[in-house]
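> Chain residues, written in single-letter form:
Protein chains: 2
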Amino acid sequence: MKRQEFVDQLLKRAKGTPGTRGEAFAPANIALCKYWGKRNAELNLPVNSSLSISLGKLGTRTIIKFSKTSDRIFLNGKPAPKAFAERLSTYLDLFRPEGLFFEVRTKNNIPTAAGLASSASGFAALVKALDDLMGWGFTPRELSLLARLGSGSAARSLYDGFAVWHAGQRPDGMDSYAEGLSNVWDDLRVGILEVSRVRKKTGSTEGMNRTRETSELYRSWPAQAQCDYDELRTAIAAKDFPMFGKTAENNALAMHATMMAAWPPLCYWKPQSVSLMQKVWKAREAELELYFTMDAGPNLKLLFLTGDQAAVRRLFPKVQIVNPFL
Amino acid sequence: MKRQEFVDQLLKRAKGTPGTRGEAFAPANIALCKYWGKRNAELNLPVNSSLSISLGKLGTRTIIKFSKTSDRIFLNGKPAPKAFAERLSTYLDLFRPEGLFFEVRTKNNIPTAAGLASSASGFAALVKALDDLMGWGFTPRELSLLARLGSGSAARSLYDGFAVWHAGQRPDGMDSYAEGLSNVWDDLRVGILEVSRVRKKTGSTEGMNRTRETSELYRSWPAQAQCDYDELRTAIAAKDFPMFGKTAENNALAMHATMMAAWPPLCYWKPQSVSLMQKVWKAREAELELYFTMDAGPNLKLLFLTGDQAAVRRLFPKVQIVNPFL
Numbered sequence: 001m002k003r004q005e006f007v008d009q010l011l012k013r014a015k016g017t018p019g020t021r022g023e024a025f026a027p028a029n030i031a032l033c034k035y036w037g038k039r040n041a042e043l044n045l046p047v048n049s050s051l052s053i054s055l056g057k058l059g060t061r062t063i064i065k066f067s068k069t070s071d072r073i074f075l076n077g078k079p080a081p082k083a084f085a086e087r088l089s090t091y092l093d094l095f096r097p098e099g100l101f102f103e104v105r106t107k108n109n110i111p112t113a114a115g116l117a118s119s120a121s122g123f124a125a126l127v128k129a130l131d132d133l134m135g136w137g138f139t140p141r142e143l144s145l146l147a148r149l150g151s152g153s154a155a156r157s158l159y160d161g162f163a164v165w166h167a168g169q170r171p172d173g174m175d176s177y178a179e180g181l182s183n184v185w186d187d188l189r190v191g192i193l194e195v196s197r198v199r200k201k202t203g204s205t206e207g208m209n210r211t212r213e214t215s216e217l218y219r220s221w222p223a224q225a226q227c228d229y230d231e232l233r234t235a236i237a238a239k240d241f242p243m244f245g246k247t248a249e250n251n252a253l254a255m256h257a258t259m260m261a262a263w264p265p266l267c268y269w270k271p272q273s274v275s276l277m278q279k280v281w282k283a284r285e286a287e288l289e290l291y292f293t294m295d296a297g298p299n300l301k302l303l304f305l306t307g308d309q310a311a312v313r314r315l316f317p318k319v320q321i322v323n324p325f326l
Numbered sequence: 327m328k329r330q331e332f333v334d335q336l337l338k339r340a341k342g343t344p345g346t347r348g349e350a351f352a353p354a355n356i357a358l359c360k361y362w363g364k365r366n367a368e369l370n371l372p373v374n375s376s377l378s379i380s381l382g383k384l385g386t387r388t389i390i391k392f393s394k395t396s397d398r399i400f401l402n403g404k405p406a407p408k409a410f411a412e413r414l415s416t417y418l419d420l421f422r423p424e425g426l427f428f429e430v431r432t433k434n435n436i437p438t439a440a441g442l443a444s445s446a447s448g449f450a451a452l453v454k455a456l457d458d459l460m461g462w463g464f465t466p467r468e469l470s471l472l473a474r475l476g477s478g479s480a481a482r483s484l485y486d487g488f489a490v491w492h493a494g495q496r497p498d499g500m501d502s503y504a505e506g507l508s509n510v511w512d513d514l515r516v517g518i519l520e521v522s523r524v525r526k527k528t529g530s531t532e533g534m535n536r537t538r539e540t541s542e543l544y545r546s547w548p549a550q551a552q553c554d555y556d557e558l559r560t561a562i563a564a565k566d567f568p569m570f571g572k573t574a575e576n577n578a579l580a581m582h583a584t585m586m587a588a589w590p591p592l593c594y595w596k597p598q599s600v601s602l603m604q605k606v607w608k609a610r611e612a613e614l615e616l617y618f619t620m621d622a623g624p625n626l627k628l629l630f631l632t633g634d635q636a637a638v639r640r641l642f643p644k645v646q647i648v649n650p651f652l
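So the protein lines, in turn, are chains A and B.
Every letter in the first sequence is one number past the one before it in my numbering, and letter 122, counting from 1, is 122.
Every letter in the second sequence is one number past the one before it in my numbering, and letter 34, counting from 1, is 360.
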């Protein structure tokens, strides 16, 4: 099935009529059980289900209007870089009324493509803004199906708090949607440790494909991901923080491990990533309940509870602490 | 089967009578297809076959005599550290004539336990020196069975040049021996990049056990190792350097990947290890035929051909270059 067919099928469910302006915000999300590997590249269908926590007020705000002459894409107040604008225009083609163009103004309050999943919040905000402009009246679940086409992990950015993205089984991808979990974990905190803002050389899609095609160890990934997904849901329901932290950290390291075993080797780590990891491990040996996760990039995201916030700040004075439920 | 039974069974084949002094040298070896995981800890039987290159004149020289009062172990001219001496004495118990003790003087010209496999050359030299002292008249293959009991990879240090250690299948371990390959590769060079001489916190045996017991990705390791072993033998026979280097580097990274996916995570890398790896990858992108391998430690061992030696020296002025066939 092609992307356009998928969209057309979904748009049959739309109700209402277009307005003149759409606006929306979507949070960034950090995967605790990672999306790593596509079973269908055209429809962004994943090998495994994933689970994330959204970052509250950190994310993307997008305003969309119609435009008469050509697409006009602005990122953080300036005309967007060409690659960025082209990716958005290609995506917007899926929804473009005949003879019309779009003006999109999008703002991130997180660094773009530094492993902080700005493409996730970006496509989620765009889809929500489109829904607002076009008057589709879609549910978050329906919007997650559309956001997925822009960037897989964007499906999870339709929700605050914890979200799961079901891998699904159908070839048409209609069961590969995200949904929010009702669990609230008030004293959970995420600490962002930025190692680099430099745009990564190998994008996630290329990284996934190379890993899936060349890494022998990747064969064990789907089973691990399924197991981690189940354990995380159990840990969240029980608010079992050690189980939660351990599973998230192990899942992230296993994902990076599958990449290192690819060819050519894929290592998103920088030297400083390793020293930060070692600092976390040392703190944990000294009984601090501190864990981390990492996306396909060099930055660490710490996971801890409010009771340890002061200790975490002492260890990592530059940490940016986020309350995901605020 | 117990170690002592294994030794007793082998010693039935011994001929000759003890002398008063034994002396031997054994080279360090660097695994190109790694030994990672034991199927039998008592007998040091490996999960997978491995393949190595010995480091010529870098290794261990050991002199052994009888002693009347107690074992006296010297390392590099000084009384050996307690843990080292105890490990040797426990091993020597397997061969101890009633009422006798040993005096062992062992010297490494490589750093101890910095991932440069000094336990491999150490136990190989000890076993050869024992054979010299006791007059067993064993073949290298028989000695490799005995060296294996001291440290698995020591089996491969009985040989110069390329060596393979067959995993074997028998529960008694009698088919898990090493043998040398006759292939000579005159223009092959190994470059040692030392990141740290600090003794590693987690020894190889503990690291293997933790990985085997907790790393989901390790399930894919035996198949990868078998495949890499076959490819390396093919590459060595054909002197296909790119295939040789790629397979060795990928094998090493896959081994480290299985550890990172263990719990608690096991990362022998230091920040500088990552920057050196990235330097190698960058050089390779610029068409330099340069690869690396790493043991369970932070140091890199470069693999290249003599034609690129000058370029390698320019990139890594501190590299220690070894001709394995000299």
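Treat the hints with caution; some may be incorrect.
[Unchecked claim] List of simulated lysine-lysine pairs, DSSO-like, C-alpha gap at most 30 Å:
#	chain 1	residue 1	chain 2	residue 2
1	A	K200	B	K605
2	A	K200	B	K391
3	B	K526	A	K282
[As the list claims (entries may be wrong)] Residues of chain A clear of chain B, computed beta-carbon distances all greater than 12 Å:
#	residue
4	E103
5	G180
6	L217
7	A262
8	M277
Don't read these hints as lab results, they were simulated from the structure.
Treat the numbers as computed from the prediction; the structure is a model and nothing was measured.
Just so it is clear, CB atoms sit at the ideal spot from N, CA and C, and this is done for glycine as well.
> Hey, is M277 of chain A genuinely clear of chain B, shortest beta carbon separation above 12 Å?
violated (7 Å)
> Between K200 of chain A and K391 of chain B, is the straight-line Cα distance small enough, at 30 Å or below?
violated (60 Å)
> Does K605 of chain B lie within 30 Å of K200 of chain A when you go C-alpha to C-alpha?
Measuring from Cα to Cα gives roughly 16 Å; hence the hint holds.
> Would you check the hint for K526 of chain B and K282 of chain A, treating anything up to 30 Å between C-alpha atoms as holding?
holds (15 Å)
> Minimum C-beta separation from A262 of chain A to chain B exceeding 12 Å: can you confirm that?
violated (8 Å)
> Minimum Cβ separation between L217 of chain A and chain B greater than 12 Å?
violated (5 Å)
> Please confirm whether G180 of chain A is truly not at the interface, meaning its C-beta sits more than 12 Å away from all C-beta atoms of chain B.
holds (28 Å)
> For E103 of chain A, is the shortest beta carbon distance to chain B beyond 12 Å?
Check passes; 40 Å lies beyond 12 Å.
Consistency note: the structure conflicts with the earlier hints numbered 2, 6, 7 and 8.
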